[in-house]
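Novice: Next come the chains, spelled out residue by residue.
Number of protein chains: 2
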Amino acid sequence: MMSSKPTINYGLEGIYVDESSISKVDGQNGKLWYRGYSIEDLAERSNFEEVSYLLIYGKLPTQKEYDEFVKKLKERREIEPEIRNIIKKMAPVAHPMDVIRTATSMLVMYDNDPNNRATEATIDKVITLIAKVSTIAAATGRFRAKKSYIHPDNSLGHSENFLYMLTGKKPTKFESKLIDLMFILHAEHSTNASTFSVLVTASTLADVYAATTSGIGTLKGPLHGGADEAALSMMNAIGNPDNTEKYIEEALEGKQRIMGFGHRVYKTYDPRAKLVRSYLEESLTKEPSDEVRRLLQIALRAEKLMIDKLGSTKGIWPNIDFFAGPLYRVMGIEGQMFTPIFVASRMAGWGSHIVEYWHNNKLVRPLEYYSGSVDLKYTPIEAR
Amino acid sequence: MMSSKPTINYGLEGIYVDESSISKVDGQNGKLWYRGYSIEDLAERSNFEEVSYLLIYGKLPTQKEYDEFVKKLKERREIEPEIRNIIKKMAPVAHPMDVIRTATSMLVMYDNDPNNRATEATIDKVITLIAKVSTIAAATGRFRAKKSYIHPDNSLGHSENFLYMLTGKKPTKFESKLIDLMFILHAEHSTNASTFSVLVTASTLADVYAATTSGIGTLKGPLHGGADEAALSMMNAIGNPDNTEKYIEEALEGKQRIMGFGHRVYKTYDPRAKLVRSYLEESLTKEPSDEVRRLLQIALRAEKLMIDKLGSTKGIWPNIDFFAGPLYRVMGIEGQMFTPIFVASRMAGWGSHIVEYWHNNKLVRPLEYYSGSVDLKYTPIEAR
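Just so you know, the sequences run in chain order A and B.
For what it's worth, numbering that gives the first Met the number 0 labels the leading residue of the first sequence as 0, then goes sequentially.
For what it's worth, numbering that gives the first Met the number 0 labels the leading residue of the second sequence as 0, then goes sequentially.
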């Protein structure tokens, strides 16, 4: 009955699922490009709005295109009272990612033509999602901390407005740069689990709300979106910079995994981690609080030791998750809000992937190898 | 710079992603087994509760195990007032699948340990989801039709209670058999798009609410869950049974796709379609309304013609979606509720797959082939 066992591609490791021109991750050389532009250029010279435009449209905008795009984003930042209510109900008892997933799923009710899959209509929905999911994420942080909702401030750029809506304080110029950096670095990263789950959902021609809701659910998992929070927890557990080496060495001896090190694709230093690291060093010069100073010192000492122990020998290098937490702490952001920021920025990449995939859609329908029995005899319950 | 182009597995066609002992679909011979038991035996001799137990635990229950399982399901049918409220808000303006996705996503807030992934804890959450998502689906149908919520009736079995909560009428014995048949037939079908999307989300170790929410979003797409509704729309468009042959022939000449025919896996008659078909014939003997009688006649005449034209020559045979719509109409169920029934019953299969996958979890992280440029020069916006 059974044919010989086929190759099973667990985790789809090494399997190509699509052709794409959105981003290239060169894991061997530690390079990353969005639409052909290096992440270093974009991090230093662009901003999140322009990067979103680039990812979606495949080219850098002219001034006129940029202005129109930014105008749309600003006009759509506000979220409806019903969305705020659901966030308020859920935020005190559920994980922020659960709240954001539910609220994003609910956004579909304000779209009177959600199934319009024409390219321009799809892009328009993606712009709405980029605009509103940041507000949803910030509102989740507010209600979670039992604080009141802060309306968007259209005098601010996209990511600094997010930081303002979350913290209630107008960011300094340096903080604005930091949050925008994190939004840019998290905007896109090819078919990782969450982006792939967006495509699986989109491949049935379900709408962009359904697809991005899948992405948010997938990003919640600790093997994916939660690594930055886990890395920060470790640094908090280390507590004092002078404990760093002892803690790490003991963890390695106990075969504990150090979160924020190693990556399925990067086999060298994650280029995003390098960028975050440089801003960590700059943050140290800006008179941080004692807590933050300790964290930054722990992060840098742990990195040095880990590279000595594992980098050149085992190809296990820091990834962005290792340094993200300390940098978020520079901005006063709590650990449970890290993955929500990932969501808010990745909405640009997810949207771009949906637009691209629908140009040449193919339903995702893999196979399983069945290893159970067949033709078992059904016995009535009395006879079992 | 570019290496040679790798094989790209669009839609993951022919790619095995996992080993499983939950269900075997034999597409060449038109057979289907759940945990080794033929779908024909289960459809005739079992019921949805027992099938759910079988899928989850991998064996048929003893009487005691069955009674405990059914008791848990009954105790958990009721949905919280906040869930009812969100359904009431969304149902008048959003597609039922959007409503059910959002409400299911929200269920996580009533679980005080959603991230407990121990097998027994996972199964317990799956039981909760099977119990409540049926109620969510029925409530969505009620509020959509501007009718009031109907509380579960614990004197009724799982699927007949669903039908009662949806229609407000206690089902006849025949109707109870029909709805239970549809729940059994939709409970599981290996790694189709929605089940696979559940696994992609679960593979990050996100919780069962996140994973099943992805499944619901994926099932919404017209290439997946909506085919039964689309097939019914065609039958309604045919209107009079005597128009059937002319309509189908013109559609085929115009290269229109006939929904409910052809399947990625079944290359012969879908065994589930055969079962539904036999109940359609039985329904014709039960004095159906004129509308339903016409539909049943259209379905059977269309099937005959399609098999003559496409079955033996092109391997395009009826699948379950072709006959499901007319049978749902026998029960008085509206088209937009067909996919929600699919969700309510597939919750058993999705849950079983999560339990199984977590025994040997592997993060799903495929690759894309990058076909764009690299190292483009960033020009400032003024210079574009």
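A hint or two may mislead.
For identical chains, the list gives no copy identity; a pair is met inside one copy or between any two copies.
[Stated by the list, open to error] Mimicking DSS-like on lysine-lysine, the simulated pairs with C-alpha atoms at most 30 Å apart in a straight line are:
#	residue 1	residue 2
1	LYS88	LYS71
2	LYS63	LYS4
3	LYS88	LYS176
4	LYS266	LYS146
5	LYS146	LYS30
6	LYS169	LYS376
7	LYS266	LYS285
8	LYS376	LYS254
9	LYS361	LYS254
10	LYS361	LYS285
11	LYS145	LYS168
12	LYS88	LYS169
13	LYS176	LYS254
14	LYS73	LYS30
15	LYS169	LYS63
No lab work stands behind these hints, which were simulated from the structure alone.
Novice: Each hint: holds or not?
Specialist: Verification of the hints:
Within a single copy, LYS88 and LYS71 get their C-alpha atoms as close as 29 Å, and across copies as close as 27 Å, so both meet the 30 Å cut-off. Taking identical chains as interchangeable, the C-alpha atoms of LYS63 and LYS4 are never at most 30 Å apart, the minima being 58 Å within one chain and 37 Å between chains. In this assembly of identical chains, the alpha carbons of LYS88 and LYS176 never lie at most 30 Å apart, being 33 Å within a copy and 40 Å across copies at closest. In this homomeric assembly, LYS266 and LYS146 never come within 30 Å of each other (Cα to Cα): the closest approach is 42 Å inside a single copy and 58 Å across copies.
Taking the shortest Cα distances, LYS146 and LYS30 never come within 30 Å of each other, neither inside one copy (41 Å) nor across copies (57 Å). Taking the shortest alpha-carbon separations for LYS169 and LYS376, neither the intra-copy value of 70 Å nor the inter-copy value of 34 Å comes in at or below 30 Å. For a Cα distance limit of 30 Å, the shortest separation of LYS266 from LYS285 qualifies neither inside one copy, at 32 Å, nor across copies, at 67 Å. Taking the shortest alpha-carbon separations for LYS376 and LYS254, neither the intra-copy value of 47 Å nor the inter-copy value of 44 Å comes in at or below 30 Å.
Taking the shortest Cα distances, LYS361 and LYS254 sit within 30 Å of each other only across copies (19 Å), while inside one copy they are farther apart (42 Å). Proximity of LYS361 and LYS285 under a CA criterion of 30 Å is satisfied in neither setting, with 51 Å inside one chain copy and 42 Å between copies. Within a single copy, LYS145 and LYS168 get their C-alpha atoms as close as 16 Å, which meets the 30 Å cut-off; across copies the closest is 45 Å, which misses it. When the C-alpha separation of LYS88 and LYS169 is checked against a cutoff of 30 Å, the pair qualifies only within one copy, where the shortest distance is 27 Å, while the shortest distance between copies is 35 Å.
Within a single copy, LYS176 and LYS254 get their C-alpha atoms no closer than 37 Å, and across copies no closer than 55 Å, so neither meets the 30 Å cut-off. In this assembly of identical chains, LYS73 and LYS30 lie within 30 Å of each other by CA distance neither inside one copy nor across copies; the values are 32 Å within and 55 Å between. Only within a single protomer do LYS169 and LYS63 lie at most 30 Å apart by alpha-carbon distance; the minimum there is 27 Å, versus 62 Å between protomers.
Going through the hint list in order, the structure does not satisfy hints 2, 3, 4, 5, 6, 7, 8, 10, 13 and 14.
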